[in-house]
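Same order as they appear, the protein sequences are chains A and B.
Residue numbering for the first sequence follows numbering that gives the first Met the number 0, beginning at 0 and increasing consecutively.
Residue numbering for the second sequence follows numbering that gives the first Met the number 0, beginning at 0 and increasing consecutively.
Think of the hints as simulated: they come from the structure by calculation, not from any bench.
Ideal Cβ placement from N, Cα and C applies to all residues, glycine included.
Accuracy of the hints is not assured; some may be wrong.
[As the list claims (entries may be wrong)] Going by beta-carbon spacing under 8 Å, a handful of chain B positions derived as facing chain A: (1) Ala-17; (2) Glu-44; (3) Ala-46; (4) Glu-72.
[Stated by the list, open to error] In silico SDA-like pairs for lysine to any residue, Cα to Cα no more than 25 Å straight-line: (5) A:Lys-345 / A:Leu-831; (6) B:Lys-74 / A:Lys-246; (7) B:Lys-74 / A:Trp-152; (8) B:Lys-74 / A:Ile-21; (9) A:Lys-2 / B:Ser-105; (10) A:Lys-2 / B:Arg-71; (11) A:Lys-2 / B:Gly-65; (12) A:Lys-2 / B:Arg-92; (13) B:Lys-74 / A:Gln-618; (14) A:Lys-246 / A:Lys-301; (15) B:Lys-84 / A:Glu-75; (16) A:Lys-2 / B:Asp-68; (17) B:Lys-74 / A:Thr-67; (18) A:Lys-2 / B:Val-91; (19) A:Lys-2 / B:Gly-8.
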Amino acid sequence: MKKTFHLSQGSEGASEDVRREIELHLELRAREFEAQGMTPEAARQAALQAFGDRRAIESEVRTLRGTTVRARGRREWIREMSQDVRVALRGLRRTPGFTLVAVLTLALGIGANSALFSVLRSVLLRPLPYADAGQLVQVWSDHRQKGRAQPEWMTPPDFVDWRDGNRTFSGMAAYQGWAPDLTGTGEPEALGGVLVSGNYFNVLGVSPARGRLLTMADDDAGAERVVVLSDAVWRRRFGSDPGILGKSITLNAEPWTVVGVLPPEFRPPLQVSPEVYRPIRRPATSGCGRGCVVLRVIGRMKPGVTIEQAQADVAGIAARLARTFPATNDKVGAWLIPLHEQITGKTREPLLALGAAVGFVLLIACVNLANLLLVRGAGRARELGVRAALGAGRGRLVRQLLTESSVLAVVGGALGLALGVAGSGILSTLVPDGVRQIQGIHVDGAVVGFTAGLAVISGMLFGLLPSLNAARADLMGALRSGGRETGRGGGAVRNGLVVAELAFAVVLLVGAGLLLRSFLLMQRVDLGFRSRGVVLVNIGFPRLRYPDGNAALGAVNNILARLRANPAIRSAEVTDLPPLNPGGDQDVTAIPVGEARRSDVPEAVWYRAVTAGYLPVMQMRLVSGRNFTPEDRQGSMPVGIVNQEAARRFWPGKSPIGRILAQGEDSTAPRLTIVGVVASAHHDGPNQPLKTELFAPFEQNPSRGPVFVLEPARDPESAVTVFRQVLKEVDPLVPVASVDPIEKLVGDALSLPRLYALLIGIFASAALLLAVLGVYGVMAYAVAQRQREIGVRLALGAAPSAIRRLVLGQGARLALIGTGIGLLAAAGTGRLLGTLLFEVSAFDLPTFVAVPLVLGAMALLACWLPARRAMRVNPLVAIREE
Amino acid sequence: MAGSDLFTGSLDLLILKAVSWGPLHGYAIGRWIRQSTDEALAIQEGALYPALHRLERQGFLEEEWGLTDTNREAKFYQLSRTGRKQLQTELVRWRRYAGVMTAALSAARP
Numbered sequence: 000m001k002k003t004f005h006l007s008q009g010s011e012g013a014s015e016d017v018r019r020e021i022e023l024h025l026e027l028r029a030r031e032f033e034a035q036g037m038t039p040e041a042a043r044q045a046a047l048q049a050f051g052d053r054r055a056i057e058s059e060v061r062t063l064r065g066t067t068v069r070a071r072g073r074r075e076w077i078r079e080m081s082q083d084v085r086v087a088l089r090g091l092r093r094t095p096g097f098t099l100v101a102v103l104t105l106a107l108g109i110g111a112n113s114a115l116f117s118v119l120r121s122v123l124l125r126p127l128p129y130a131d132a133g134q135l136v137q138v139w140s141d142h143r144q145k146g147r148a149q150p151e152w153m154t155p156p157d158f159v160d161w162r163d164g165n166r167t168f169s170g171m172a173a174y175q176g177w178a179p180d181l182t183g184t185g186e187p188e189a190l191g192g193v194l195v196s197g198n199y200f201n202v203l204g205v206s207p208a209r210g211r212l213l214t215m216a217d218d219d220a221g222a223e224r225v226v227v228l229s230d231a232v233w234r235r236r237f238g239s240d241p242g243i244l245g246k247s248i249t250l251n252a253e254p255w256t257v258v259g260v261l262p263p264e265f266r267p268p269l270q271v272s273p274e275v276y277r278p279i280r281r282p283a284t285s286g287c288g289r290g291c292v293v294l295r296v297i298g299r300m301k302p303g304v305t306i307e308q309a310q311a312d313v314a315g316i317a318a319r320l321a322r323t324f325p326a327t328n329d330k331v332g333a334w335l336i337p338l339h340e341q342i343t344g345k346t347r348e349p350l351l352a353l354g355a356a357v358g359f360v361l362l363i364a365c366v367n368l369a370n371l372l373l374v375r376g377a378g379r380a381r382e383l384g385v386r387a388a389l390g391a392g393r394g395r396l397v398r399q400l401l402t403e404s405s406v407l408a409v410v411g412g413a414l415g416l417a418l419g420v421a422g423s424g425i426l427s428t429l430v431p432d433g434v435r436q437i438q439g440i441h442v443d444g445a446v447v448g449f450t451a452g453l454a455v456i457s458g459m460l461f462g463l464l465p466s467l468n469a470a471r472a473d474l475m476g477a478l479r480s481g482g483r484e485t486g487r488g489g490g491a492v493r494n495g496l497v498v499a500e501l502a503f504a505v506v507l508l509v510g511a512g513l514l515l516r517s518f519l520l521m522q523r524v525d526l527g528f529r530s531r532g533v534v535l536v537n538i539g540f541p542r543l544r545y546p547d548g549n550a551a552l553g554a555v556n557n558i559l560a561r562l563r564a565n566p567a568i569r570s571a572e573v574t575d576l577p578p579l580n581p582g583g584d585q586d587v588t589a590i591p592v593g594e595a596r597r598s599d600v601p602e603a604v605w606y607r608a609v610t611a612g613y614l615p616v617m618q619m620r621l622v623s624g625r626n627f628t629p630e631d632r633q634g635s636m637p638v639g640i641v642n643q644e645a646a647r648r649f650w651p652g653k654s655p656i657g658r659i660l661a662q663g664e665d666s667t668a669p670r671l672t673i674v675g676v677v678a679s680a681h682h683d684g685p686n687q688p689l690k691t692e693l694f695a696p697f698e699q700n701p702s703r704g705p706v707f708v709l710e711p712a713r714d715p716e717s718a719v720t721v722f723r724q725v726l727k728e729v730d731p732l733v734p735v736a737s738v739d740p741i742e743k744l745v746g747d748a749l750s751l752p753r754l755y756a757l758l759i760g761i762f763a764s765a766a767l768l769l770a771v772l773g774v775y776g777v778m779a780y781a782v783a784q785r786q787r788e789i790g791v792r793l794a795l796g797a798a799p800s801a802i803r804r805l806v807l808g809q810g811a812r813l814a815l816i817g818t819g820i821g822l823l824a825a826a827g828t829g830r831l832l833g834t835l836l837f838e839v840s841a842f843d844l845p846t847f848v849a850v851p852l853v854l855g856a857m858a859l860l861a862c863w864l865p866a867r868r869a870m871r872v873n874p875l876v877a878i879r880e881e
Numbered sequence: 000m001a002g003s004d005l006f007t008g009s010l011d012l013l014i015l016k017a018v019s020w021g022p023l024h025g026y027a028i029g030r031w032i033r034q035s036t037d038e039a040l041a042i043q044e045g046a047l048y049p050a051l052h053r054l055e056r057q058g059f060l061e062e063e064w065g066l067t068d069t070n071r072e073a074k075f076y077q078l079s080r081t082g083r084k085q086l087q088t089e090l091v092r093w094r095r096y097a098g099v100m101t102a103a104l105s106a107a108r109p
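In isolation and in its complexed conformation, chain B is listed as follows:
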């Protein structure tokens, strides 16, 4: 699925973040990830969908069918209650991880 240059779990975290403001369909989620990361994460766009469905199966995302801006019927994803909690814990964990890594990598020679 995700490219090997993606840290494990970071795609899931980005997806959860993407839908944290409201329901989005798959393409919109992908576009938000591309734009918000300056297309720096070279992922295959298709890898998004297994991740979406896995999160849905885990109960973090709920599906809802609705119309796009151009009146096309599409499947929208939104955060479930447990998904919102998951996003919080993952964010905290990610920040701690990133902080620790940053501190360690910028440390002076012992």
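In isolation and in its complexed conformation, chain A is listed as follows:
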């Protein structure tokens, strides 16, 4: 057989091939019949006859042929592709330095994005782990008109009215904290619990792992006492007893029957994980009335109902209640917050800001790589020229170059994913424990897909421009000139890329600067209370033997007396609420007696019971009046001390000393005579607003969970040892809940701002480094390309310093343009940081001055080395090299 060069393209060529193949068959077959003695016509007829239905066969073959051709095209494409990949790998291996830098840059850029996305997706993008979680809302009272900025819990009667009166909810459930002591089986233990309305699990859409969950019938006052256990406590305390259902357990000395166990994966929408759930029983009448906010409420909106409709619905009920019960419900509105936002809202802003930062870093990395590839492409102009001369089409060349960047992107992306998985664990510390508990953070398919997509887009971003540029260049010219600069176009593109890089870096640096300034300012805030040298020890008296604070008072005083007698302890005081305790919003409604009620006067006041020496030991400055004394005890006149904030709000322009403060509408609560005013303190942290605060003597308002404030005489460790010893002497069965040096609490309060500033600082540094490297690369390349020109200039008598000026001037121009654009962009994006900024405007002048200075200095430094090299060009060598 003699081979021929046969080219058939497209479907038309294919069907022509089929026709010719069959025609040949018929001709040869007819010739065979002719040889047997037939006439040509008869032979042709016989051949057709023997062949069968020519039309049908031809069309069947044509269809088959079509699929074969397409499959061959794919195989061809794959073959070319693998050839491209081999060529690309060979090329990359030849330049290990470039490859290493490129892959690492990409891996870091992609890895940071991948890690942040895993957190962002887990927390913000994934629905909460409840059935149809989008319908769930947290239902609050709105006391903003009463001066309370935060949403408020609900009163039991209000809850019942809202639950029964609404038309937009399929269910509304209430819950409140509960800390029962478990006795009877093994060691007595204080469990974490929660009181829930009967429909709580129904509203959340949970099914039991064993037995049943609670129902509305369990809420009746006369119903059997039943509880539901968490999976954890069932395993831990009851040894996974399969026969637990129907058994009675003792909680707070009362028998409760276990009716169900929750599934292990159930996480309630709370900051903590309760272990036992019991029905509230009689929520409408339990304890206090419309004056006392004790219930948290979750609602499930009916399908199709929007939050606005639901809000309008409950707001109507609230307005009706305000008219019916003006004494308690006046100015009390409704405030619905989608449960997802309620739980994850605070993490949204920092995560998005960090997401923008890592996005910028990756962009800069891509621009940098594009620049590197451009330079590399220019260096390979000769190679590409040869390929073009050998018949490679322009598209083929572009594909070849794109393959190289794709290989880089794939390797970088794979490494990046590994880094992302590692980094996601670190970044998850950005998310508060309570949120992390509900929205577990892990790397899933979406994160892998995101990373892959990022790698592809990055490859396109940094690969396409250099490829097109290289293929557009005058290839024949490149061959002739031996592979030097292939036209001025490449230079302009490179300069543009450097300008873009610098601009991105400026945006990031400004953001980092603003956050850093915020953090420094936060650190410098005078907290208003002692921030070093005391240790806070929290203990909990078991309810069984100490039913309330009064029962514990004797023991507390006993402990205090022993502590004060010990030489290791300089002073010991007690409060019921330590500073910097984010969970403890202990507020009461306060009404100044004898003052005209003003509509804008806030009535909520934050409340702390403290022993006589607490304020001096905590170095809280007394502004006027007196401190508490040991004489302010039970039976003596109820007294209080307010902070300046409260004094200003309640008695503007007057001295509060001697005035009376009533606690809420409750006539049984004692009215406090104000005896002193202390300077306001940032009890919730330096970046939190000052609150109105009220202090009362611990003796008159004792607590079962006191916090001891120890000022050690020597070192804190021995003070804590002494405390444990003393506690054991007084009551060995009282557990220590926590031991915290005040320094740790202060540090923790700033840990998130510190982390934000640190992370954005790291990203901004990376951006700065990449951008400066980009400037260096472009300038160094420009000098190398213009060696001959510089040589000629020098030969013609130009001073070396003039050459340096030339190079530095070019660099400075790029830096100036890039910084200018970057500053404009930063002014636009600074607002993204929003509440992350603390007492710093988004247009903070020092930041906007410092950033261009730093960047300019670094950019000039990056130009300096190429400029020096340009000065030292030997004109003779440079010109002769041609």
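Could you slot chain B onto chain A? The hints should help.
Positioned in the frame of chain A, the structure of chain B alone reads:
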């Protein structure tokens, strides 16, 4: 396609066998089948072509264009590497099948 008197797969096997000695064009393959089977298999000659193209699509045959003895351009078929393997397995299977059938059909009454 193939006549119903052809055992399933036997046409494919014959084609693979036909090209096992070297590249052939469609007509030559058909002629070899006719002659080597003494024209006993009454197949429509056209049925050969869908079979050829199917085997090509399956990757058992590769096409190559060349000149016939009379200098006509024609499409030649040759065995690919997987086609050669396929021929081996099919031959083994066919022989076993034929042996079993022969033995069974010539067996004595039980």
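Note to self: Checking each numbered hint in turn, tell me which of them this model violates, lowest number first.
What the structure shows: Failing hints, ascending: 1, 6, 7, 9, 12, 13, 14, 18, 19.
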